[in-house]
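Visitor: Take a look at the letters that make up each chain.
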Amino acid sequence: MKDVGEVREVKRITLVLCLGVFCLFAVMGQGCACSKVVRDDARLVPELAVAQVSKDSTDVSQKVQGEVMKPVPAGVQTAKQEAPPKAKAEVSNKPAGNQNPFDMDALIERLKASQAIGVFTKLALRSDALDLMDMVKAYRRDNKRMKLDEIRARFDGLLLKVLALLDDDPVLSGDISLAREGIWKSLLEVKA
Amino acid sequence: MNTLNLLVRGMAVGLALIALPAGASAVTKAEDIATTIMLRGQPCGGNAVSNISEQKDAVGNTVIKATCPNGKRYQVDVSSSGRVSVKPIQ
Chain H
-6 MKDVGEVREV KRITLVLCLG VFCLFAVMGQ GCACSKVVRD DARLVPELAV AQVSKDSTDV
54 SQKVQGEVMK PVPAGVQTAK QEAPPKAKAE VSNKPAGNQN PFDMDALIER LKASQAIGVF
114 TKLALRSDAL DLMDMVKAYR RDNKRMKLDE IRARFDGLLL KVLALLDDDP VLSGDISLAR
174 EGIWKSLLEV KA
Chain R
56 MNTLNLLVRG MAVGLALIAL PAGASAVTKA EDIATTIMLR GQPCGGNAVS NISEQKDAVG
116 NTVIKATCPN GKRYQVDVSS SGRVSVKPIQ
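Residue numbers (our numbering), protein chains in the order written: chain H, -6 to 185; chain R, 56 to 145.
Only chain H is shown next, with the shape it has when bound in the complex (with noise of 0.2 Å):
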């Protein structure tokens, strides 16, 4: 009776396990389907993948527009306006519907919340930024002493340092890509 019992144990641990494995492997397949579905779209479609991303950005500036969270700078009302003509022609191969892909509030209301950069991490890319800032207050103090060049390269460095630490939020780090050229116009239209 004793080694009736024991049998009958052994089956139920042998099927619970694999049913826990089929209910794994079932739920990793949906999983990797989906996301391989995802990659052949932006493989294929690379306008269907620049779509969605300014998809994404636009939900979450009509989520922002809502709040008034702080004073938008000056400049970013201007950028939006007097977009560059790569960013022209990007936009102009977006559907109607995607027309405001840049918002720099949003996009710094996101980098905020986002996981993949931690707090020490995102406090120093700030400092950074902060630096930035004063560097274009002095070159429009003195612009004998600082070049627009030298302050563009710390820019493109900086931002390539954020798209580098945003590698798990490739969402994000498209987005913040795509508004390159709307957050330096930003930069350059801070208030001394």
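No lab work stands behind these hints: they were computed from the structure.
Think of the CB as a built atom: it goes at the ideal place given N, C-alpha and C, for glycine as much as any other residue.
Keep in mind that a hint or two might mislead.
Simulated DEER-style distance windows between Cβ atoms [stated by the list, open to error]:
1) H:Arg138 x R:Arg138: 20 to 26 Å
2) H:Leu151 x R:Thr117: 20 to 26 Å
3) H:Asp124 x R:Val118: 17 to 23 Å
4) R:Pro124 x H:Ala157: 17 to 23 Å
5) R:Gly137 x H:Arg5: 54 to 60 Å
6) R:Arg128 x H:Ala106: 29 to 35 Å
Since the structure of chain H is provided, determine the placement of chain R on it from the hints.
Guide: Chain R alone, transformed into the frame defined by chain H:
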């Protein structure tokens, strides 16, 4: 009833196996400090520090001391205004 019980237990095992790697994706404090040190141009030799000690003064300045995988010890100063600086400890 017994079959249902087994099914629920099986699903629980499967979900537990999935949840284990998913929870490991957040940035730890050790990784965060190592990234901060490297972001300030200091060599660290790895992506996580050890022997972390943190002190906060009355004004709100925070001083963190940590050891990198290459053996060097660094002091990370976070001012009350949020400015971050890193210096090696001799």
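Visitor: Of the numbered hints stated earlier in the document, which are not met by this structure?
Guide: none
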